[in-house]
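Chemist: Listed below are the residues making up each chain.
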Amino acid sequence: MDYLLTEEQQMLRELARQIAEEKVRPVAKHYDETQEFPWEIMKILAQSDLFGVYIEEKYGGTGGGVLELALVTEELSRACGGIAVCYAASALGTYPIILFGNEEQRQRYLPDLAAGKKLAAFALTEPNAGSDASAIETRAEKKGDYYILNGRKQWITNGGEAEVYVVIAMTDKSKGARGASAFIVEKGMEGFEFGKKEDKLGIRASATRELIFDNCKVPKENLLGKEGMGFLIAMRTFDVSRPGVAAQALGIAQGALELAIEYAHQRHQFGKPISSFQGIQFMLADMATQVEAARALVYSVCRMIDSGKKDVAKESAMAKLFASDVCMRVTTDCLQIFGGYGYMRDYPIEKYFRDAKITQIYEGTNQIMRHIIALNLIKELASKKR
Amino acid sequence: MRIIVCIKQVPETTNVKIDPNTGTLIREGVESIINPFDMYAIEEGLRIKERLGGGEVIVITMGPPQAEDALREAISMGVDKAILISDKRLAGSDTYATSYTLSKAIQKIGDYDLILCGKQAIDGDTAQVGPGISSWLDIPQVTYVRRIREIDKDKAIVERMTEEGYDVIEAPLPALFTVVKEINEPRLPSLKGKLRAKKMEIPIWGVDELGLDADKIGLDGSPTRVMKVFTPPPRQKGLILDGPVEEAVDKLANLLKDIVIR
Numbered sequence: 003m004d005y006l007l008t009e010e011q012q013m014l015r016e017l018a019r020q021i022a023e024e025k026v027r028p029v030a031k032h033y034d035e036t037q038e039f040p041w042e043i044m045k046i047l048a049q050s051d052l053f054g055v056y057i058e059e060k061y062g063g064t065g066g067g068v069l070e071l072a073l074v075t076e077e078l079s080r081a082c083g084g085i086a087v088c089y090a091a092s093a094l095g096t097y098p099i100i101l102f103g104n105e106e107q108r109q110r111y112l113p114d115l116a117a118g119k120k121l122a123a124f125a126l127t128e129p130n131a132g133s134d135a136s137a138i139e140t141r142a143e144k145k146g147d148y149y150i151l152n153g154r155k156q157w158i159t160n161g162g163e164a165e166v167y168v169v170i171a172m173t174d175k176s177k178g179a180r181g182a183s184a185f186i187v188e189k190g191m192e193g194f195e196f197g198k199k200e201d202k203l204g205i206r207a208s209a210t211r212e213l214i215f216d217n218c219k220v221p222k223e224n225l226l227g228k229e230g231m232g233f234l235i236a237m238r239t240f241d242v243s244r245p246g247v248a249a250q251a252l253g254i255a256q257g258a259l260e261l262a263i264e265y266a267h268q269r270h271q272f273g274k275p276i277s278s279f280q281g282i283q284f285m286l287a288d289m290a291t292q293v294e295a296a297r298a299l300v301y302s303v304c305r306m307i308d309s310g311k312k313d314v315a316k317e318s319a320m321a322k323l324f325a326s327d328v329c330m331r332v333t334t335d336c337l338q339i340f341g342g343y344g345y346m347r348d349y350p351i352e353k354y355f356r357d358a359k360i361t362q363i364y365e366g367t368n369q370i371m372r373h374i375i376a377l378n379l380i381k382e383l384a385s386k387k388r
Numbered sequence: 023m024r025i026i027v028c029i030k031q032v033p034e035t036t037n038v039k040i041d042p043n044t045g046t047l048i049r050e051g052v053e054s055i056i057n058p059f060d061m062y063a064i065e066e067g068l069r070i071k072e073r074l075g076g077g078e079v080i081v082i083t084m085g086p087p088q089a090e091d092a093l094r095e096a097i098s099m100g101v102d103k104a105i106l107i108s109d110k111r112l113a114g115s116d117t118y119a120t121s122y123t124l125s126k127a128i129q130k131i132g133d134y135d136l137i138l139c140g141k142q143a144i145d146g147d148t149a150q151v152g153p154g155i156s157s158w159l160d161i162p163q164v165t166y167v168r169r170i171r172e173i174d175k176d177k178a179i180v181e182r183m184t185e186e187g188y189d190v191i192e193a194p195l196p197a198l199f200t201v202v203k204e205i206n207e208p209r210l211p212s213l214k215g216k217l218r219a220k221k222m223e224i225p226i227w228g229v230d231e232l233g234l235d236a237d238k239i240g241l242d243g244s245p246t247r248v249m250k251v252f253t254p255p256p257r258q259k260g261l262i263l264d265g266p267v268e269e270a271v272d273k274l275a276n277l278l279k280d281i282v283i284r
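Heads up: the sequence lines are chains Z and C, in that order.
Under our numbering, residues 3 to 388 are what the first sequence spells out, in order.
Under our numbering, residues 23 to 284 are what the second sequence spells out, in order.
What the hints contain is simulated information worked out from the structure, not anything from laboratory work.
Some hints could be false.
If you only want the chain Z side, here are some residues facing chain C, beta carbon under 7 angstroms, derived [to be verified]:
| # | residue |
| --- | --- |
| 1 | Ser50 |
| 2 | Thr64 |
| 3 | Met346 |
With a straight-line Cα cutoff of 16 angstroms, these simulated EDC-like cross-link-like pairs (lysine to aspartate or glutamate) come out [claimed, not checked]:
| # | chain 1 | residue 1 | chain 2 | residue 2 |
| --- | --- | --- | --- | --- |
| 4 | C | Lys214 | Z | Glu58 |
| 5 | Z | Lys45 | C | Glu78 |
| 6 | Z | Lys25 | C | Glu207 |
| 7 | Z | Lys119 | Z | Glu165 |
| 8 | C | Lys220 | Z | Glu9 |
| 9 | C | Lys221 | Z | Glu9 |
| 10 | C | Lys214 | Z | Glu9 |
| 11 | C | Lys214 | Z | Glu16 |
| 12 | C | Lys214 | Z | Glu59 |
Source: prediction; values computed, not measured.
For every residue, glycine included, the Cβ atom is placed at its ideal position computed from N, Cα and C.
Model the full assembly from the supplied sequences, consistent with the hints where possible.
Modeler: As structure tokens, this is what we get:
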């Protein structure tokens, strides 16, 4: 299908695909097994300018938007969902600075992030605050020129590897969600340590780690927006980052599908390639159709965001929900096509199946996505009635 | 420091087939690429510039108009300028005529410190153009360079790969080096490079711009004559003589006697 990408977007996709095929695919298994952080790939992505595809030119980027970010993420995910998320999670940590940073903060952080000299991360989740983000317990207390942070963040993608963290902490617990604020915290700041690195089912190339703040001193200039805006910053960030997760899901599904088609064509049973059996053909046809439908939705939502539309929470959630559910179904069926071989680690398909699952969970579970969508439907109805 | 890299556009040989009737390459539908050895030359040029913290890398190629694609790819990797040498009168040039033409282009660019070439092209496989250029320019050449140890405006110390190991050679600059694949790993293009490559104007120099001597160019100016192009017959299967050693030796001796040396 032709999505009428601009010449620049096609160029970008071609470059991302070349890197994915030549550099990422050959090492995907290695990083999955060792759980080492794929710095060699991050360096290549940096050298190729791909970290700046959604960042304005005046901050060292190439001036694209969410669609450009999605195109790169999709292509990388086709080869390795884990390595792709190391890339995409940096965008998740960068977006709050793009959206809510003042000029001084943008100039201080964006050029290095656009150049890929530093990675970013976003830290909201805590042991007792997942879907209910308003339940966070990490506190930030203002003392003179500093905020003093205390608490723990859990399951932070790029944790330990990133240099720049956007951390949501409570400045006024009595106000609930309205008492949260967002801070830019740098690796190496006094009182900022890293805890346990998680051993995961999938996306094992990515680092998922605990952040520990023990009287961490953050300069007051590092407050993003104003006190109390933390929750809003998180939600607006997710509005633009969820299509990135959708693109990751899309890429994983596409990559798995390509492997399954090839396998079905090569694998002979009853004297014929299994791709000649209608049972397999229908599976392939259904999968290809679902993936294309997901792509159409994801790209459309990206374009909507890039056009400057403000109210995108519903569409963004739809893209993430649909693409990740498609991804899980497609990778499940692709593994089925591989049969017993698919269950073995010798074949790459089981990795796609493992990598797929997280896309239904992180950056808001798909149940939360449905909740956001339904909430917006009801809101729309209410505003019509008025 | 001004570094000039000479590159060639070649057919992607992994896909090349030979027409069994005419014995010539079937070029249709075959993708063109930068000669892989020239990729190492481009990369090394860029690395020297980065190492010295400045300078200029210019890439040149001689070929048909579509060779411009190869130059744009080099620009996307980060070279500063590209020049296409293209003229119908240059068609059919052999290594003598090509190295002459390239040397004239290099002289026209002028003020160069280093010329880099791949060790050979994967289509012609002659490995003559690089050394040819240095002869026309009367500058030192080092072939099969696998590492540049030191380099400044006046001289370079390089390792030249040999069958047994390597030689360490110091050469005054300007000089010409041809490089082998051991020297580096070429980078991928960058997005900014690709955007730049799309927009950049590439000058085209022909016979007149270069003031070329008509009897040193093109097919007529080329002393090489291709008499015949053919696919060598596939290698015959070997023969293993087993059994007791003495018998095998006898058999071998008899077989050798039968071989007529042509």
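Chemist: Look at each hint and say if it fits the structure.
Modeler: A quick look at each hint next to the structure:
The beta carbon of serine 50 of chain Z comes within 5 angstroms of a beta carbon in chain C, closer than 7 angstroms, and the hint placing it at the interface holds. Taken as an interface hint, threonine 64 of chain Z checks out: its beta carbon lies about 6 angstroms from the nearest beta carbon of chain C, inside 7 angstroms. With 7 angstroms as the threshold, the beta carbon of methionine 346 of chain Z stays out of range of chain C, its nearest partner Cβ sitting at about 31 angstroms, so the hint is violated. For the hint linking lysine 214 of chain C to glutamate 58 of chain Z, the alpha-carbon distance of about 13 angstroms falls within 16 angstroms, and the restraint holds.
Taking the CA atoms of lysine 45 of chain Z and glutamate 78 of chain C, the gap is about 24 angstroms. The hint is violated against a cut of 16 angstroms. As the CA atoms of lysine 25 of chain Z and glutamate 207 of chain C are separated by approximately 12 angstroms, the hinted pair is consistent with the 16 angstroms bound. Between the alpha carbons of lysine 119 of chain Z and glutamate 165 of chain Z the distance comes to roughly 9 angstroms, so the proposed pair stays at or under 16 angstroms and holds. About 10 angstroms separates the Cα atoms of lysine 220 of chain C and glutamate 9 of chain Z, which keeps this hinted pair within 16 angstroms; it holds.
Distance hint between lysine 221 of chain C and glutamate 9 of chain Z is fulfilled; the C-alpha atoms sit about 12 angstroms from each other, no more than 16 angstroms. Pair hint lysine 214 of chain C plus glutamate 9 of chain Z holds up; C-alpha atoms about 13 angstroms apart against a cutoff of 16 angstroms. Under the criterion of a C-alpha separation no larger than 16 angstroms, the hint pairing lysine 214 of chain C with glutamate 16 of chain Z is consistent with the structure, at around 13 angstroms. Distance hint between lysine 214 of chain C and glutamate 59 of chain Z is fulfilled; the C-alpha atoms sit about 11 angstroms from each other, no more than 16 angstroms.
Of the hints listed earlier, those the structure fails to meet are numbers 3 and 5, in rising order.
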